[in-house]
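S.K.: Each chain is listed here by its residues.
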Amino acid sequence: MSRASAPAPVSHPILSASRKLLAGLLACALAWPAGARTEDGPVVPASAASTAVRVMDTTTATTTVTTVAAAAAVQEVLPPWTLATLPDDTVPFHGLVNMDNAGLGSGSMLYPTAGLGVIGLLVGVATHAAIVGGSRSSQESKLQVAADKVLDPYRASLGQFRIGDLEQRAVAMTSSKAVAHLRDAKDTPPGEVFVQASPAFAMTVDSAALVLDETVVVRSSAGSDKGVQQIVRVISTPRGEEDLRATWSADNGAALKTTAASLMAQSLDIALRQSRHQGDDKAPFVTLRYAFGDQERMERGQLLEKTCDHLVMRTLRGALLVVPHKVGAVLPEGCPAAPEIAQRKPAVSNPAANAAASPTTPPASAANAG
Amino acid sequence: LNFRNLLAGFAVAVTLAACQTTPQNPVSLTKENLAAQKGRVAVAIRVANPDLYLPGANCLLCIGAATIANSSLNTYSKTLKTDELAAVKGELVELLRKRGVDAVAFDGQIDLDKLPDLKLGPNMATKDFGAVAKGVDHLVVINVQQVGFVRNYAAYVPTSDAKATISAFAFMVDMKSNAYEWFDHVVITRSADGAWDEGGSFPGLTNAYFLAIEQAKDRVKAPFAQ
Chain A
1 MSRASAPAPV SHPILSASRK LLAGLLACAL AWPAGARTED GPVVPASAAS
51 TAVRVMDTTT ATTTVTTVAA AAAVQEVLPP WTLATLPDDT VPFHGLVNMD
101 NAGLGSGSML YPTAGLGVIG LLVGVATHAA IVGGSRSSQE SKLQVAADKV
151 LDPYRASLGQ FRIGDLEQRA VAMTSSKAVA HLRDAKDTPP GEVFVQASPA
201 FAMTVDSAAL VLDETVVVRS SAGSDKGVQQ IVRVISTPRG EEDLRATWSA
251 DNGAALKTTA ASLMAQSLDI ALRQSRHQGD DKAPFVTLRY AFGDQERMER
301 GQLLEKTCDH LVMRTLRGAL LVVPHKVGAV LPEGCPAAPE IAQRKPAVSN
351 PAANAAASPT TPPASAANAG
Chain B
371 LNFRNLLAGF AVAVTLAACQ TTPQNPVSLT KENLAAQKGR VAVAIRVANP
421 DLYLPGANCL LCIGAATIAN SSLNTYSKTL KTDELAAVKG ELVELLRKRG
471 VDAVAFDGQI DLDKLPDLKL GPNMATKDFG AVAKGVDHLV VINVQQVGFV
521 RNYAAYVPTS DAKATISAFA FMVDMKSNAY EWFDHVVITR SADGAWDEGG
571 SFPGLTNAYF LAIEQAKDRV KAPFAQ
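Here the protein sequences come in this chain order: A and B. Our numbering numbers the first residue of the first sequence as 1 and each following residue consecutively. Our numbering numbers the first residue of the second sequence as 371 and each following residue consecutively.
Be careful, since some hints might not be right.
[Stated by the list, open to error] Straight line, CA to CA, 27 Å or less: simulated DSSO-like cross-link-like pairs of lysine-lysine:
no., chain 1, residue 1, chain 2, residue 2
1, A, K149, A, K257
2, B, K408, A, K326
3, B, K451, A, K282
Everything labelled a hint here was simulated from the structure, so no lab data went into it.
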């Protein structure tokens, strides 16, 4: 098996120019009402108002690709903005736990009442609940410990990776044309957009990709108590190298640090853009597939952007999810074909986490098929 | 007294053995069975109403307590849509047609409860589809028996978080011999990513539900796409 995508069709220059014009017009139409919305009100999740409608709608309509509007938004010139400095702790990294197989099985229970009737029964149920709660908590802790083992080879490098270093790299890597600074709130000029971010990173079970989970709050100024809060998850494109451990470890974890900063920069760009131009709330809900390390994953949501590199969707929880295309995905017109990468051998460094991540497929047997 | 106990035990064992049915093992679909010249194939589906399942809450009081404890999830589970799951019927027909097979979709949902039982042995259909699948050489049936959410219990105490669940039997029957040409028991359980008990429209669990649907569809379509 190889990672490849369909060759992109060639676009005619006149068609391309028409599309750009249409893109500009669409972007203006989208920006006018959305921009006005985000200036008012306290810090609220960007999509809170439409959550109920979103979740109930299970439309199976064909995905409307908003590539045109997204492309125009990418080129938008943002005002200068400042990223708030965070305490200079170690950058948080952890493993990802799959909870599909978590929990205890079902079963019956006979409660001893010790001759105390209903009171005895209640005491029995409470004792049972406490024991089950303890077992489940212990199981979840063990799963997390097993999942964290994926980071063991990189502990030394990650132990020296500070938040300050991450933020500096991320600000330098943002693609927006606006001037970006890294400052405390008190040093931020009035009127400059102020962004607060709290990143946490994870590595996929197969070590092929990093995942950033971040809360980003965009305020119109450092002194403003109003702003737009976005929960953002960004997943990196899976590494193509055969030896992932050597790749991530090389040069004191340079690839880890660069990828982490790149994900944060991407999250800041998208959060800034979405705070100004929220996606279409009426976009259909679809189940989208994407690359999650060497695996394929799915998420239910609304497709907001589709570029040559990634998809941006809004999940049922209202969070932004930025993901790389799945293997063999049809890319937007004009995108270069994705490089073909030979299939990698499955990782064996973390068997416990691999087992935890396997899908639930009990042995097939049936007594009464009909 | 001992002899009486022995007899009673024997009677119970015989009764229970009589109730037991041999589980149907999976049957792989062969390329020969999918050949275009093998005749007409109809595809049928039956999807149960979405629900909340609470295995392990067995006694009457336990069921009541568990249902009350999960009342909002129970109510919400019944509003879940199954259109995308039912759409697998048309997708299977398309896959078969791409292979050159004369395939048709069974109109509406197939009501398996109304069909006569068959007891022909292992690897043989347990229902007589002759009356509903006339003019067809092979019948593909997707029988989704459980769809919605599941939460394990031990009497009154929940032993797991609520998760999305799908359980289905998928099979293809040779209408001449009633033999299974393909049989699979699809069981999918998916947990919410993060907290499940968010109330309202349970976005984490709803996401898991739609992912379980896609996973089940992938599993059912895989033998026909090979």
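S.K.: Each hint: holds or not?
M.R.: Going down the list of hints, with the structure as the test:
no.	hint	in the structure
1	K149(A) / K257(A)	19 Å, holds
2	K408(B) / K326(A)	36 Å, violated
3	K451(B) / K282(A)	18 Å, holds
The structure shown violates just one earlier hint, number 2.
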